[in-house]
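**Student:** Let the sequences and hints guide you as you build the complete structure.
Protein chains: 2
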Amino acid sequence: MATVDHLLTIEAAQRAVSEHVSPGRAVSVPLGEAIGRVLAKPIVCDVDYPPFDKAMMDGYAVRAADVAETPAVLRIVGQVAAGHEAAKRVGAGEAIQINTGAPLPPGADAVVPVENTECVQDGSAVSVSVAVPAGKHIDPAAKYVLAGSTVLSPGVRMGPAQIASAAAAGAAEISIYARPSVAILVTGDELVDVDAQPRGAQIRNSNGPMLRSLVTQAGGEVVDLGVVCDDKSALTDRIREGLASDVLCISGGISMGAFDFVPEVLASCGVRIVFRKLAIKPGKPVLFGIGERGTRVFGLPGNPSSGFVCFRLLVRPALATLSGRDERRPVEIAARLIGDCPATKDRQGYSPARIAIDGDGSVTVEHLSWHGSGDPFGLSCANGLIVRPPGLPKAVGGDTVSVIPLEWF
Amino acid sequence: MATVDHLLTIEAAQRAVSEHVSPGRAVSVPLGEAIGRVLAKPIVCDVDYPPFDKAMMDGYAVRAADVAETPAVLRIVGQVAAGHEAAKRVGAGEAIQINTGAPLPPGADAVVPVENTECVQDGSAVSVSVAVPAGKHIDPAAKYVLAGSTVLSPGVRMGPAQIASAAAAGAAEISIYARPSVAILVTGDELVDVDAQPRGAQIRNSNGPMLRSLVTQAGGEVVDLGVVCDDKSALTDRIREGLASDVLCISGGISMGAFDFVPEVLASCGVRIVFRKLAIKPGKPVLFGIGERGTRVFGLPGNPSSGFVCFRLLVRPALATLSGRDERRPVEIAARLIGDCPATKDRQGYSPARIAIDGDGSVTVEHLSWHGSGDPFGLSCANGLIVRPPGLPKAVGGDTVSVIPLEWF
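Protein chains in written order, with the numbering used here: chain A, 1 to 409; chain B, 1 to 409.
Honestly, the hints are just simulated from the structure, not real lab data. Hints may contain errors.
Said to hold, decoys possible - Lysine-lysine pairs mimicking PhoX-like chemistry, simulated, CA-CA at most 20 Å apart:
1. K345/B x K277/B
2. K281/A x K394/A
3. K136/B x K281/A
4. K345/A x K281/A
5. K281/B x K136/A
6. K281/B x K345/B
Stated by the list, open to error - Below, a sample of chain A positions facing chain B; criterion: calculated Cβ distance under 8 Å:
7. P103
8. S165
9. A168
10. V363
Every residue gets a Cβ at the ideal spot worked out from N, C-alpha and C, and that includes glycine.
**Tutor:** Take a look at the structure:
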């Protein structure tokens with residue numbers, strides 16, 4: 001893709017970014033540390049599962065033929081609990097008390113649930129009131145998995161259920177994709193730390209904390225390069241440092257001002273600029289480039305809401321791909337609009353919204369009023385972004401609109 | 001609510017649990033550690049925002065009256081960048097070069113974007129081609145927030161946008177709800193660790209790793225009590241230890257077998273049993289009780305899928321409430337069924353499913369075949385649970401069904 005300086009569509013930008021990312025290197029971690037990560041190598045079960053014919057009810061192991069006619073009275077010849085093997089076999093007219101999870105004793109071919117039995121003859125015998133066919137209430141050995149079978153394939157995200165599967169399969173260490181390293185550099189002479197009191201022309205650095213948490217949430221490893229003043233030499237040093245990471249995010253300094261040195265300094269550091277402006281609102285000035293060693297460089301707008309939107313649309317999908325997840329672009333779901341949503345002009349619009357789930361399970365969304373991209377508090381109440389293509393009239397209550405969910409809901 | 005031993009509906013069970021949980025104690029943490037947590041005290045902004053009349057474009061600070069007729073040529077008398085204050089005021093016929101984020105110099109009342117200007121007279125003057133009204137491209141001081149205003153209210157979950165707001169407001173430390181402590185105790189003579197080779201009647205402990213990751217994912221602090229044999233005395237000791245936590249989860253030992261000592265031992269430790277069985281499938285045997293010091297005790301089925309479902313339906317909502325989140329029960333969304341989904345009998349059914357988002361943004365769901373609750377691999381491919389009330393016929397493709405999403409999608 002050639003270097004472009006005109007307004008690119010978000011789809012073209014996402015395609016351009018996706019050409020420069022692929023799953024990173026695989027690393028081995030203990031199973032307990034794998035939550036949320038993506039499997040890089042298959043997990044193969046090293047045992048049959050279950051490894052033996054297993055009782056699935058608490059009751060009595062019997063020969064089905066002995067209880068074909070009920071009531072049937074069987075002599076209790078033993079007891080077998082989960083984790084133990086029966087000391088005896090079940091002969092004709094005999095039963096062994098059994099617990100869920102225990103191996104079926106030899107000779108038995110079914111389990112009668114305790115609910116359908118009664119102890120008789122001072123506990124030496126059991127009266128069975130309901131017949132069971134052979135095989136009933138038993139999981140036969142290897143019912144679920146044969147030793148040597150793959151139980152989890154590469155690309156699977158390790159949630160609690162997948163962790164349980166891996167544990168059953170004996171995978172104490174598993175191979176997952178490494179977290180991409182993401183250097184974060186915030187530019188601006190006006191910025192002071194959150195714990196400092198801004199004076200005169202200063203404001204607090206809110207982009208640094210925001211970007212660090214966005215990267216963490218997206219599964220990246222933060223390399224914090226702090227704040228740099230609008231000074232070419234200092235900026236050059238930090239950018240060179242940032243190019244050692246898989247991804248470099250720079251906040252601010254990419255616009256048209258006299259002190260917006262980022263594009264110039266990036267070029268001097270050997271970064272090839274792929275695009276500089278997108279046809280989206282907020283977020284028009286956003287830069288993507290590729291360093292000499294392949295570092296993906298994102299120049300994000302300094303306005304917090306614009307930076308947030310650009311991160312979600314471009315950086316997060318890149319981090320997902322690098323981490324092994326298949327999320328080329330954010331998921332958009334259809335939702336029923338409550339209230340109005342403004343018209344769009346020449347750029348695709350992203351505006352803060354509140355998603356909710358109705359009593360009938362349908363998804364609704366409400367547009368939140370805000371003061372525009374300069375408002376650092378504009379996204380505080382949002383859990384979604386309404387997406388509207390350019391040139392659309394105002395949407396009204398009841399219309400279906402697209403929304404990107406920002407959190408679990 | 002009285003102790004019950006019959007099959008309770010899930011709604012009644014969730015209500016019963018919710019009566020025993022409320023948001024926990026507040027703790028103070030550095031803002032950088034707050035991601036995903038819930039705010040316990042309001043965040044008040046300590047400055048006006050913006051703190052000064054702020055340029056929103058790169059260009060020239062001017063007096064609007066001077067550019068009412070264009071082209072207008074103004075003398076450049078200075079430059080002001082973000083983070084700095086102008087050394088001069090803008091007089092009649094004058095302009096000061098300004099960067100986005102810089103304070104408006106005294107005397108000026110508008111900003112002309114650089115795109116609508118041209119430097120003339122060897123750079124000593126600027127020719128303005130488009131008029132601007134007073135106030136244009138300026139965010140006046142306190143436009144967004146007045147010092148002393150609340151910018152984030154208790155109950156808000158701290159995502160990256162909320163962290164940016166808190167940073168702008170100067171909240172270096174914030175008050176959030178503490179993570180509930182959750183003791184996890186797995187019972188069963190048959191269990192060996194994931195890195196051991198099961199022999200004879202043994203299987204691997206998959207419930208321990210699963211529950212630890214479920215608790216972590218739900219925002220709880222894991223207190224791992226390991227595996228205990230089916231022995232009353234050992235079980236008593238560990239349960240007493242577990243009752244020191246906010247929540248105690250016990251896996252296995254709650255059914256009707258001869259070695260299912262958990263209910264009896266809980267009673268002997270002073271735990272009042274609230275319910276023991278639910279009308280759900282999987283997960284019928286599930287216990288909830290309250291310790292003498294208020295510990296919420298959950299006895300979960302030993303079958304991994306049953307334990308998973310019961311955790312999601314009962315324990316996770318309890319941990320959410322304790323953490324300050326308002327999630328009394330899992331969210332259910334309406335989805336269009338692809339393929340069939342089996343009939344339900346006398347209990348509400350939860351079955352593994354794959355949720356996807358269609359190109360038009362609508363939610364679809366596919367029922368995944370599985371071998372039932374004894375299958376430790378049955379949920380490996382699931383990212384949702386289809387919920388079906390009791391007594392329903394088979395659902396077919398195109399029907400709308402309810403689904404609980406298990407992960408980000």
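**Student:** What hints, given by number in increasing order, does this structure fail?
**Tutor:** The structure breaks none of the hints.
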